[in-house]
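Sequence order for the protein chains is A and B.
Note that my numbering has the first sequence beginning at 1, numbered continuously upward.
Note that my numbering has the second sequence beginning at 1, numbered continuously upward.
Among the hints, a few may not be true.
[Said to hold, decoys possible] To give an idea of the chain B side of the interface with chain A (calculated C-beta under 10 Å), a few residues:
(1) Gln106
(2) Tyr192
(3) Ser235
(4) Lys239
(5) Leu249
(6) Lys353
(7) Ile356
Hints in this document: simulated from the structure, not taken from any laboratory.
A virtual CB, placed ideally from N, CA and C, is assigned to each residue, including glycine.
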Amino acid sequence: MALENADIEKIAILARLQVTPNEMNDYTNSISSILSLIDQMQQVDTNGIAPLSNPHDATQRLREDTVTCDDQREAFMAIAPATQDGLYLVPQVLD
Amino acid sequence: MTSKTLVQISKDLAAGTYSSLEITQDTIADIKNRDPIYNSFISVSQELALAQATAADARIKAGTADILTGVPFAHKDLFCTQGHTTTAASKMLANFVPPYESTVGQRLLTAGAVCVGKTNLDEFAMGSSNENSFFGAVKNPWDLNAVPGGSSGGSAAAVAAGLVPAATGTDTGGSIRQPASFCNLTGIKPTYGRVSRFGIIAYASSLDQAGPMCQNAQDAAIMLNAMAGFDEQDSTSVKQPTPDFTADLNLPLTGLKVGLPKEFFGTGLNPQVAQCIMAAVKEIEGLGAQIIDISLPNLERSIPAYYVIAPSEASSNLSRFDGVRYGYRCDQPTDLMDLYCRTRAEGFGTEVKRRIMVGTYALSEGYYDAYYVKAQRIRRMIKDDFNRALSQVDVIMGPVAPTPAFDLGSNTKDPVAMYLEDIYTLSANMAGIPAMSTPAGFVNGRPVGLHIMGNYFAEAKLLNIAHQYQQVTDWHLQKPSSNGLPVSNQEKGA
Numbered sequence: 001m002a003l004e005n006a007d008i009e010k011i012a013i014l015a016r017l018q019v020t021p022n023e024m025n026d027y028t029n030s031i032s033s034i035l036s037l038i039d040q041m042q043q044v045d046t047n048g049i050a051p052l053s054n055p056h057d058a059t060q061r062l063r064e065d066t067v068t069c070d071d072q073r074e075a076f077m078a079i080a081p082a083t084q085d086g087l088y089l090v091p092q093v094l095d
Numbered sequence: 001m002t003s004k005t006l007v008q009i010s011k012d013l014a015a016g017t018y019s020s021l022e023i024t025q026d027t028i029a030d031i032k033n034r035d036p037i038y039n040s041f042i043s044v045s046q047e048l049a050l051a052q053a054t055a056a057d058a059r060i061k062a063g064t065a066d067i068l069t070g071v072p073f074a075h076k077d078l079f080c081t082q083g084h085t086t087t088a089a090s091k092m093l094a095n096f097v098p099p100y101e102s103t104v105g106q107r108l109l110t111a112g113a114v115c116v117g118k119t120n121l122d123e124f125a126m127g128s129s130n131e132n133s134f135f136g137a138v139k140n141p142w143d144l145n146a147v148p149g150g151s152s153g154g155s156a157a158a159v160a161a162g163l164v165p166a167a168t169g170t171d172t173g174g175s176i177r178q179p180a181s182f183c184n185l186t187g188i189k190p191t192y193g194r195v196s197r198f199g200i201i202a203y204a205s206s207l208d209q210a211g212p213m214c215q216n217a218q219d220a221a222i223m224l225n226a227m228a229g230f231d232e233q234d235s236t237s238v239k240q241p242t243p244d245f246t247a248d249l250n251l252p253l254t255g256l257k258v259g260l261p262k263e264f265f266g267t268g269l270n271p272q273v274a275q276c277i278m279a280a281v282k283e284i285e286g287l288g289a290q291i292i293d294i295s296l297p298n299l300e301r302s303i304p305a306y307y308v309i310a311p312s313e314a315s316s317n318l319s320r321f322d323g324v325r326y327g328y329r330c331d332q333p334t335d336l337m338d339l340y341c342r343t344r345a346e347g348f349g350t351e352v353k354r355r356i357m358v359g360t361y362a363l364s365e366g367y368y369d370a371y372y373v374k375a376q377r378i379r380r381m382i383k384d385d386f387n388r389a390l391s392q393v394d395v396i397m398g399p400v401a402p403t404p405a406f407d408l409g410s411n412t413k414d415p416v417a418m419y420l421e422d423i424y425t426l427s428a429n430m431a432g433i434p435a436m437s438t439p440a441g442f443v444n445g446r447p448v449g450l451h452i453m454g455n456y457f458a459e460a461k462l463l464n465i466a467h468q469y470q471q472v473t474d475w476h477l478q479k480p481s482s483n484g485l486p487v488s489n490q491e492k493g494a
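Just chain A, same shape as in the assembly (with noise of 0.2 Å):
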């Protein structure tokens, strides 16, 4: 399937990536030829055939909601780019 580059922006901008115009035309080819070998899936019959997300069709393991370790803010918080008094800085979000 042939994808055009206002395709790859939306994509992008969904995808949380910002691509730039000279990467554009790489990105829209490269994907578009991507999608073509994908494609070759829709030849394939798969009438009533379940889907398979795990190999062993098994289903999430739960456990009990309690707690299972010690608590490691300071050595998580520790490894982020930005914090101030044990929160995550990012850009201004509210006027």
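Given the structure of chain A, go ahead and fit chain B onto it with the hints provided.
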């Protein structure tokens, strides 16, 4: 020193021929000296390794050593190592120091193994040549013009070059087996759920599985013994008893039923690779196995289905890299959207961004059923093919890859051409069955691996076959020169 096998090193340590500290220091010196040729390591964890080696020596002295105690190894730089950078070969994580250890890493540390460093890979394990790394491409020790395979190309090159006796790898669509094939190693992708994924940076969670890459099947079995086992912290870990994977190595192959799928021997297969594989199959037949022609009719469909499922799961998994909690962050973001979009654009490489966008598209409104669900239906057809085949035969054999290692740069312009290289390996991940590569010959000086696939949880059977094959062949004993130059040139120089 480290061109010795894991078992040899373990014996030497027990006999006191050298200490863990000595071999660890030698290993690190060797990496610093020779790895500039291959670029197989992203980092060396010298301080941690020396501390681990010292502790190992104390255990050996106290008589509480395990077989792996004091033995150096390397982690693919996708396994989180507490206190040491874990990059996934991405600019996004170039300075990321995990606050915790992966379960596999913890198990190896508990066994007393010494992690000397982190090996190169395709960024976030996305690639089949190890050319998609922020830290540069890896060269194949057998031929410096060739790729080592990917995505675990650094692990493969490091073991093949004799820098370490063993390394961890991960395999989402062939990333252990194909580099093992390209570098003349024994590498096994276990059954999905056999080895914990906790602390391994996720690519495609329903396909990812970790395993060892070693010089021979016995070493691989010993490594897998330490790595495998149920883990509460991985919700897809399977509650199955973990056998001793070395226990069956010496069983005879009499009566073994080996299936050869005709789809593995079609027009895309290099004829010289086919010759190596057929010679290996003949050898295994000579050990008492019965060879049976079978069919896996949906093999070709594994490519399009995989390249929907893997990118879809990747687009979801990689959404966590947002420049807020860890990893790279762009300079001077103007607002939150700019922070996300520029951080990710600057932090990820081209192939990673391509797969994120393919996955985002496949999961987007209106396309989910046509792409993701359709691919999952094909995934079940592939699993059903294996179930049918494995009710007739014990194991399935074929090539790991259609060609020996290709030249560096030869596939980088066309992602689809690179994807087609994965034709023989993807289906085992789709079905979740165990599969491995064992050395089976050379084509123009470049190694060829024999692919052995088996039923769920039959890793011990696969390792048994590889070990028996290695008792009657010496492909796995062949070593490249110590500097990547052809052996004939070395002789001239000497």
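Evaluation of the provided hints:
no. : hint   : in the structure
1   : Gln106 : violated, 13 Å
2   : Tyr192 : holds, 4 Å
3   : Ser235 : holds, 5 Å
4   : Lys239 : holds, 9 Å
5   : Leu249 : violated, 26 Å
6   : Lys353 : holds, 6 Å
7   : Ile356 : holds, 5 Å
Taken one by one, the earlier hints fail for this structure at numbers 1, 5, listed in ascending order.
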